[in-house]
Amino acid sequence: MIPKRTIFFSILLSLVCHWGYTKHESQDAVVLGADKERFDPAKVIIEHIIDSHEWHLWGDGDKAVTIPLPVILLDNGIQIFMSSEFAHGNKIVQRSGNFYKIFHDKIYKTNASGDWTVDALRNPINKQPLDFSITKSVVMILLSALLLCMIFFRMARSYKGYSMTWQLGKILEPLVLFVRNEVAIPNLGHERYKRYLPLLLTIFFFILINNLLGLLPSAPNVTGNISVTLVLATTTFLVVNLSANKAYWKHIFWMPGVPIPVRFLLAPIELIGVFIRPLTLCIRLFANMTAGHIVILSFICLIFMFKNIFTAGFSVPFALFISLLEVLVAFLQAFIFTALSALFIGIAVEDHEHEIR
Amino acid sequence: MDANLIYASLAAIGAGLSVIGAGLGIGKIGSSAMDAIARQPEASGKIQSAMIIAAALVEGAALFGVVTALLTVFK
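Residue numbers (numbering that gives the first Met the number 0), protein chains in the order written: chain W, 0 to 356; chain A, 0 to 74.
It is worth saying that the hints were derived from the structure and are not from the lab.
In this text, a Cβ means the ideal position worked out from N, Cα and C, and glycines have one as well.
Hints may be right or wrong, so weigh each one.
What the hints assert, rightly or not - Under the rule of at most 30 Å between Cα atoms (straight-line distance), these lysine-lysine pairs were calculated in the DSS-like manner: (1) Lys169/W - Lys159/W; (2) Lys193/W - Lys27/A; (3) Lys169/W - Lys45/A.
As the list claims (entries may be wrong) - Some chain W residues well away from chain A (every beta-carbon gap over 12 Å; in silico): (4) Ala41; (5) Met81; (6) Ser95; (7) Phe98; (8) Ser132; (9) Val138; (10) Ala246; (11) Met254; (12) Ala290; (13) Leu331.
As the list claims (entries may be wrong) - Selected chain W positions facing chain A (in silico; Cβ < 10 Å): (14) Ser51; (15) Glu53; (16) Val182; (17) Ile184; (18) Pro185; (19) Thr279; (20) Leu280; (21) Phe285; (22) Ile335; (23) Leu339.
Let the hints inform the model, and build the full structure from the sequences given.
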């Protein structure tokens with residue numbers, strides 16, 4: 000029996016969460032309306048899912064309230080300054096004889112008066128310096144890493160013998176056991192799983208916490224950033240290929256048990272497969288998280304497209320439904336990334352001694 | 000017609016086509032898994048995790064199409 004209080008607070012929390020999203024959108028919409036421009040949902044949505052040099056809280060244009068983050072450029076030495084010096088793209092920053100301007104969250108080099116050189120589609124083609132800034136996603140990755148360390152070091156300390164004394168630890172323990180019993184042992188076998196379990200658990204909880212935190216309003220969409228997922232997939236790629244045994248490479252380049260001409264045909268296909276497998280890991284996580292965010296934001300944007308408050312009665316329940324679906328997807332994608340990593344590692348380290356050729 | 004609009008429409012059609020493929024694939028996996036569970040209810044846990052992994056592989060192929068379409072629009 001669920002207490003009434005729990006249900007009440009759940010509904011309240013979900014409403015506040017969507018109010019946060021809507022608040023976020025409405026200010027964008029109001030400013031765009033003032034310019035007599037048509038409200039462009041695609042532009043608003045893309046601004047919300049891409050990485051940024053400042054942490055946007057609320058407001059838009061010159062009145063936006065943001066947390067400035069450090070910008071680090073590699074251009075005639077290292078240039079470090081805060082992103083607030085750009086004043087939301089209105090000001091030119093001068094550092095050791097170079098002038099920088101920001102446009103759509105990309106930093107360009109300009110001359111002293113900040114003129115743009117544009118191509119036929121009116122995109123700037125000014126030179127871009129190498130950008131190593133601490134962006135919103137980087138801050139979020141550091142925060143989530145800190146959070147994970149805090150949670151799991153505390154959890155490790157809370158064991159009294161075999162029993163867990165910490166409430167949150169009791170919730171997380173089944174997840175750890177799930178990764179061990181359902182993902183690591185079936186794919187890697189009883190003898191080998193212990194070597195790869197720390198990696199699998201780290202991948203699982205890192206993706207999970209970033210998927211879940213990414214659902215909060217104004218939180219950065221870390222796992223929906225293709226660079227982040229590419230790094231995660233590269234980790235798997237390196238582990239798979241560095242721990243692979245002789246039999247694995249033999250199966251790739253000289254497949255046993257098939258006629259010789261077919262072996263020449265199979266080798267390039269298998270070799271491409273080595274690179275495709277981690278690439279699908281990367282694309283899957285990126286596309287799933289981005290798609291979820293786009294759908295939620297599209298439902299919220301409907302309110303401002305119709306310019307009618309009653310649309311909220313339709314949009315918000317749908318957005319809430321998709322948000323709940325996203326919680327499921329957050330767990331599912333963390334599981335799939337871990338399971339497929341374990342599967343690929345399992346294929347690479349498998350013994351083939353039982354096969355008689 | 001605006002060049003961007005043509006790109007966007009073609010990208011949308013491409014994304015739709017790749018989603019049709021994924022729908023057929025995941026539908027087939029789902030129906031087979033249902034059959035298997037009906038035949039052997041005691042193995043449902045194993046079938047479910049195998050089903051999710053197979054569905055993820057199919058979905059990965061479809062998402063390549065969707066992401067390519069997205070890149071055309073974002074460009």
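Hint check:
1. A threshold of 30 Å between alpha carbons decides the hint, and for Lys169/W with Lys159/W the separation of about 13 Å falls inside it, so the pair holds.
2. With a C-alpha separation of about 35 Å, the suggested pair Lys193/W and Lys27/A falls outside the 30 Å cut-off, and the hint is violated.
3. In summary, the hint linking Lys169/W to Lys45/A is supported, as the alpha carbons are separated by about 25 Å, within the 30 Å threshold.
4. With a minimum CB-CB distance of about 8 Å to chain A, Ala41/W fails to clear the 12 Å threshold, and the non-interface call is violated.
5. Consistency note on Met81/W: stated as away from chain A, and its beta-carbon is indeed over 12 Å from all of that chain's, at 28 Å minimum.
6. Against the 12 Å criterion, Ser95/W stays outside the reach of chain A, whose nearest CB is about 33 Å from its own CB.
7. The beta carbon of Phe98/W is kept farther than 12 Å from every beta carbon of chain A, the shortest such distance being approximately 27 Å.
8. Distance to chain A confirms Ser132/W as a non-interface residue, since its nearest Cβ pair spans about 20 Å, more than 12 Å.
9. With 12 Å as the threshold on Cβ separation, the claim that Val138/W sits away from chain A holds: the shortest Cβ distance comes to roughly 23 Å.
10. Separation of Ala246/W from chain A is adequate, the least Cβ-Cβ distance of about 23 Å exceeding the 12 Å criterion.
11. Against chain A, the non-interface label of Met254/W holds: every CB pair exceeds 12 Å, the least being about 21 Å.
12. The beta carbon of Ala290/W sits about 7 Å from the closest Cβ of chain A, which is not more than 12 Å, so the claim that it is off the interface is violated.
13. At roughly 7 Å, the least C-beta separation between Leu331/W and chain A is not larger than 12 Å, which violates its mark as non-interface.
14. With 10 Å as the threshold, the beta carbon of Ser51/W stays out of range of chain A, its nearest partner Cβ sitting at about 15 Å, so the hint is violated.
15. A distance limit of 10 Å between C-beta atoms decides the matter here; for Glu53/W the minimum to chain A is near 21 Å, and the interface restraint is violated.
16. Hint on Val182/W holds. Least Cβ distance to chain A is approximately 8 Å, under the 10 Å limit.
17. With a cut of 10 Å, the hint placing Ile184/W at the interface with chain A is violated, because the nearest CB-to-CB distance is about 12 Å.
18. For Pro185/W, the interface hint holds, the least distance from its beta-carbon to any beta-carbon of chain A being 8 Å, beneath 10 Å.
19. At its closest, the beta carbon of Thr279/W sits 4 Å from a beta carbon of chain A; the interface hint therefore holds under the 10 Å criterion.
20. Here the hint on Leu280/W is kept, as its CB sits about 8 Å from the closest CB of chain A, short of 10 Å.
21. Taking 10 Å as the C-beta cut-off, the interface hint given for Phe285/W holds, the closest approach to chain A being about 7 Å.
22. Hint status for Ile335/W: holds, given a least beta-carbon distance of 4 Å to chain A, under 10 Å.
23. At its closest, the beta carbon of Leu339/W sits 7 Å from a beta carbon of chain A; the interface hint therefore holds under the 10 Å criterion.
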